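Asks: Please build the complete structure, drawing on both the sequences and the hints.
Residue numbers (numbering that gives the first Met the number 0), protein chains in the order written: chain A, 0 to 770; chain B, 0 to 266.
No wet-lab data here; the hints were simulated from the structure. Just so we're clear, the structure is a prediction, and the values are computed from it rather than from any experiment. There could be a bad hint or two in this list.
As a list, the in silico PhoX-like pairs of lysine-lysine whose alpha-carbon atoms are at most 25 Å apart [unchecked claim]:
| id | chain 1 | residue 1 | chain 2 | residue 2 |
| --- | --- | --- | --- | --- |
| 1 | B | K191 | A | K382 |
| 2 | A | K753 | A | K708 |
| 3 | B | K216 | B | K122 |
| 4 | A | K309 | A | K393 |
| 5 | A | K753 | B | K216 |
| 6 | A | K753 | A | K648 |
| 7 | A | K262 | A | K309 |
| 8 | B | K139 | A | K382 |
| 9 | B | K106 | B | K157 |
| 10 | B | K241 | B | K139 |
| 11 | A | K260 | A | K59 |
| 12 | B | K44 | A | K289 |
| 13 | B | K93 | B | K44 |
| 14 | B | K241 | A | K753 |
| 15 | A | K393 | A | K414 |
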Amino acid sequence: MRFFFLLFTFILLLNNISPALAQGTATVSGFVRSADTNEALAGATVAVPTLNIGTFTDAKGFYSFNLPKGNHTIQASYIGFESGSKDITVTGDKLTLNFTLETNSSQLQEVVVEANTLQQKLNDTRMSVERLSTVEAKLLPALFGEVDLVKTLQLKPGVQSGGEGASGLYVRGGGPDQNLVMLDDAVVYNASHLFGFFSVFNPDAVKSVELYKGGFPAQYGGRLSSVLEVDMNKGNYDSLSATGGIGLISSRLTFEGPIVKDKASFLISGRRTYFDIFTRQLNRINEGNKDYNPIPDYYFYDLNTKIYYKLGEKDELSLTGYYGRDFFGFNDSNFSFGFDWGNSIGSLVWSHKFSNRFFASTSLTSTGYRYNVTNSISDFTFKLTSSIQDFTLKTDFDLLLSKGHNLKFGALATKHAFTIGQFNFDAGDNQDMSFNSGNNYKATEFGAYVSDDFRVNPLLSVNYGLRLSAFDSGDKTYTALEPRAAAKYSLSQTMSLKASYASMMQYIHLVSSSGASLPTDVWYPSTSYVKPQRSQQVAAGVSKLFANGKLLFTNEVYYKWMKRQIDFRDGANLFVNDSLENEFLFGEGESYGNEIYLEKIKGRTTGWLGYTLSWSYRQFDEINDGRRFPTRYDRRHDISLVVLHQLSKRISLTGAFVYGTGNAYSLPVARFAFQDVEGRNTSVIPIYSDRNSFRLAAYHRLDLGLVLKLRPKHGEADLTFNLYNTYNRRNPYFVYFSQIESEADDLTLGFEAKQVSLFPSIPSITYNFKF
Amino acid sequence: MKIKILLYFLTFFFLSSCSIDDTIEMGLPPHDPQLVLECYLEDGKPMRATVLESSNYFDAPTPPLVPDAQVTIAHNGRKLDLTYNPTTEGSPTKLYTHAADEDVQFKAGDFYTIEVTDGRGRKVTGNAKVLPTVPIRSIKWHFDGAGKAMVSATLQDKANTANYYRFMIHRDNIDSGSDVNLVASDELRDGKVITFGTSYTYERGDTLIVSLYHIDKQHYDFFQSVANAKEANGNPFAEPTKILSSVNGGFGIFTTLVVDRKKIVIE
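Replies: Structural data, given as structure tokens:
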């Protein structure tokens with residue numbers, strides 16, 4: 000901590016910052032809220048277009064910036080809301096100005112924001128950031144009609160899915176374990192349901208998501224490749240309302256309303272799948288049928304809650320809760336198998352405004368992820384459990400200084416508790432056969448940062464900062480300095496250049512054998528043997544506004560170095576292994592690419608076109624004989640085209656087309672026959688060559704959607720029609736080799752390659768309501 | 000393990016609505032065939048080996064014999080050449096390509112080496128040690144409500160040494176093909192009782208032959224790696240596995256088999 004304060008003092012001195020305001024300027028600050036729900040709008044734009052000055056609201060909806068004294072028009076805008084505009088006369092040193100924005104009457108218009116938002120994006124020092132609101136995601140076509148913000152993010156350049164239908168994020172060549180996913184300040188360790196086919200974020204409970212692909216501000220740390228911030232709705236503290244939807248495979252229901260009118264609100268939102276109801280019926284119908292194999296039970300549910308309390312003009316308190324579980328089970332007369340997994344999250348956030356220029360937010364969060372596998376056969380029972388449980392105390396300060404400086408600083412401490420491969424075998428009466436295995440670890444992670452967003456002059460602004468991170472595993476302590484920097488230079492009113500550098504550390508690691516998001520993946524701490532991962536990323540880009548500010552073109556190039564990447568030995572036992580560290584392999588990675596993005600967010604037709612050209616490699620001495628190999632998600636070309644068109648006030652049409660180079664994949668090149676000791680069943684043993692040396696066929700798909708607003712007697716309702724994979728492209732999920740066998744005598748006649756595709760053309764309909 | 004059940008479920012759920020498999024054309028790079036050796040030395044049985052070679056995956060499924068392969072096994076300073084004479088045994092058949100007239104006579108601690116060469120200059124070598132027999136300590140069975148029995152067998156592991164075991168159950172006779180074929184290490188049960196078990200599959204009156212092999216690490220690693228390699232072909236979540244052969248210069252296994260065997264009748 001001493002280091003942190005010294006650094007902070009040093010930066011203050013370096014910039015010769017006076018506590019007095021510069022002559023002729025004043026600080027304008029306030030909150031931007033929804034007029035309907037009084038909820039803070041994070042990421043709203045507040046700007047004075049004539050001066051080309053502006054900022055975004057923070058997570059609490061708070062903004063603050065300096066203005067010259069005089070008469071000005073200030074505008075506030077946010078996706079899905081009518082813009083607000085106020086004429087002000089600045090005479091004193093400070094001015095409080097709050098905005099309440101009305102919701103747009105047309106749903107499609109909800110994604111339309113004023114052109115100055117694009118202008119502000121052009122002028123923002125930050126780069127490599129993608130923001131998405133639930134309103135936007137709800138319009139786009141979705142698999143089975145299940146709206147998923149994370150999957151919608153996969154349509155942005157530089158962001159890839161792991162495979163067909165998957166909700167994992169692979170950002171700029173990073174793995175799914177290298178994303179810091181946060182729900183209201185709390186880390187989410189496994190952000191997916193059902194093997195990654197659905198994300199854990201219920202769209203009715205979530206307001207917006209923001210994804211950093213690079214240029215990470217200093218307040219973020221702990222992962223190498225991305226930061227995904229998910230903001231939950233606070234609830235309506237004006238009136239009680241209910242929102243819900245009935246879909247093909249799940250339904251959801253949300254209640255929100257005031258606890259104390261205009262002061263406190265609540266939100267409770269739940270979602271559950273119901274295909275287990277159908278499969279149980281199917282099993283019941285087929286009882287007694289010897290040729291029928293019963294279908295196991297599977298369902299998932301999640302529950303989001305939030306309580307928000309406005310303590311006064313300067314203080315706000317919010318309490319967030321999330322609990323979600325997937326459950327898979329199979330039972331028969333002598334066999335009982337259960338597998339459940341999920342996250343449990345709690346977050347208490349206190350926001351305090353010291354003054355119009357000094358704002359603080361302090362949070363206490365608890366987050367946990369756990370999976371349990373239980374299996375009982377007669378007297379024998381085994382149970383396998385792995386988990387991670389964190390408690391984090393974090394505080395962030397935001398201080399607006401004179402001469403164009405906006406200082407952010409803060410610190411956090413996290414206590415981690417890891418349970419890894421806790422295996423218990425209970426042999427009932429035969430206790431001499433019973434045994435346990437597994438490891439428990441405890442660790443503490445620290446972070447402290449300071450950064451300055453400095454507007455050097457009307458053309459040049461910089462954001463520079465430093466993060467000090469540390470990790471104590473008990474037997475080893477690691478510390479690291481993580482410098483961050485970003486700069487923006489305006490070549491003209493419509494064109495700017497940007498560049499950034501970020502150094503990141505990752506002290507906890509995902510033990511995953513598959514590269515996919517499986518529930519059995521478990522987090523493992525850095526120890527004296529397992530050293531922390533490190534990355535450095537540089538990015539540079541150019542942004543240009545076209546067509547009177549209606550179109551924004553962005554081109555970014557990036558290069559990322561990754562040290563101490565983790566993989567596992569061939570055939571490693573990652574489940575029941577007291578010496579798990581012996582299975583780890585350490586290597587390096589690099590990824591680089593170019594992302595082109597063209598977006599239009601004004602008019603009846605909006606959308607974006609993204610193209611990414613990228614490379615992603617890993618190198619381990621023990622894999623591939625030390626030669627580098629492409630990652631599974633190395634994708635040379637990736638195109639996404641998203642179009643939203645408002646046909647009338649009640650009907651909107653949407654379409655999304657994606658194209659991507661096929662995933663890199665490992666296939667056997669040869670085989671040999673293995674008779675084994677007995678020689679009764681000769682097996683064909685595949686011989687693999689270089690890792691990921693094959694490519695699956697290219698992936699492409701067109702999804703179409705139509706939203707029809709209904710006219711119910713009460714409230715609002717709509718029907719959403721989706722057609723996933725419109726032209727029924729058989730996209731490859733994986734390829735395997737199989738034997739061609741004679742029907743007469745099962746003799747092997749030859750071998751062939753088979754490609755498995757998951758989803759054909761799938762229509763879906765969802766009924767959404769709000770009253 | 001049970002993850003497979005999950006995969007079956009996923010397969011049902013996600014694949015039931017579409018025709019899943021399409022046969023595709025897949026070009027593979029040329030493969031330089033390598034020698035593949037299987038040789039299990041067992042007390043009282045003739046020295047026999049199978050030498051084949053690996054094939055490109057889409058080659059015709061005929062056994063790729065290597066007629067000019069020469070196999071030599073050495074033991075206690077004595078070298079014995081095995082003669083090339085492809086024969087089959089049993090039904091379904093097991094193929095042997097090389098054999099000697101001599102039976103193997105084991106002593107715990109004995110050391111054997113093997114060398115295979117052929118006209119193309121390929122060479123495979125390996126070695127194997129005779130491990131002490133580990134006796135089956137007990138065999139139990141237990142009936143469920145439907146009258147089916149599960150069988151469990153125990154052994155006492157020797158402490159402070161890394162031990163590996165293979166467990167098999169045959170019905171009626173050992174030529175019938177095993178019902179159960181498992182391997183395990185003592186990593187989590189060093190020096191303690193280790194139990195192998197079956198599912199509820201047996202009925203009253205069944206005659207079972209329970210075999211417990213004390214195997215070496217090379218045998219264990221090879222068995223696991225071939226199982227993992229098979230699993231990886233067709234499992235989208237699995238990483239490919241390199242074959243951990245117990246021999247150098249090619250693929251395969253050269254090992255000794257020491258076994259304790261008991262016959263039981265389920266009553």
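Asks: State for each hint whether it applies.
Replies: Evaluated hints:
Under the criterion of a C-alpha separation no larger than 25 Å, the hint pairing B:K191 with A:K382 is consistent with the structure, at around 20 Å. With a C-alpha separation of about 44 Å, the suggested pair A:K753 and A:K708 falls outside the 25 Å cut-off, and the hint is violated. Our distance criterion of 25 Å between C-alpha atoms is met by B:K216 and B:K122, whose separation comes to about 22 Å. Distance restraint check for A:K309 and A:K393: the Cα-Cα separation of roughly 20 Å lies within the 25 Å cut-off, and the hinted pair is therefore satisfied.
This hinted pair does not check out: A:K753 and B:K216 have alpha carbons roughly 35 Å apart, beyond 25 Å. The suggested pairing of A:K753 with A:K648 is violated, with an alpha-carbon distance near 48 Å, which exceeds 25 Å. Taken as a hint, the A:K262 and A:K309 pair is honoured in the structure, with Cα atoms around 5 Å apart against an allowance of 25 Å. Distance check on the hinted pair: B:K139 and A:K382 sit about 23 Å apart at the alpha-carbon level, within 25 Å; holds.
For a cut-off of 25 Å, the pair hint linking B:K106 to B:K157 stands: about 19 Å separates their Cα positions. The hinted pair formed by B:K241 and B:K139 fails the criterion: a straight-line CA distance of about 37 Å is larger than 25 Å. For the proposed pair A:K260 and A:K59, the alpha carbon gap of about 19 Å is at most 25 Å, so the pair holds. The hinted pair formed by B:K44 and A:K289 fails the criterion: a straight-line CA distance of about 43 Å is larger than 25 Å.
Using a Cα cut-off of 25 Å, the hinted pair B:K93 and B:K44 holds, with the two alpha carbons roughly 15 Å apart. Restraint check for B:K241 and A:K753: satisfied, since their Cα atoms lie roughly 22 Å apart, inside the 25 Å limit. Restraint check for A:K393 and A:K414: the C-alpha separation of about 12 Å stays at or below 25 Å, so the hint holds.
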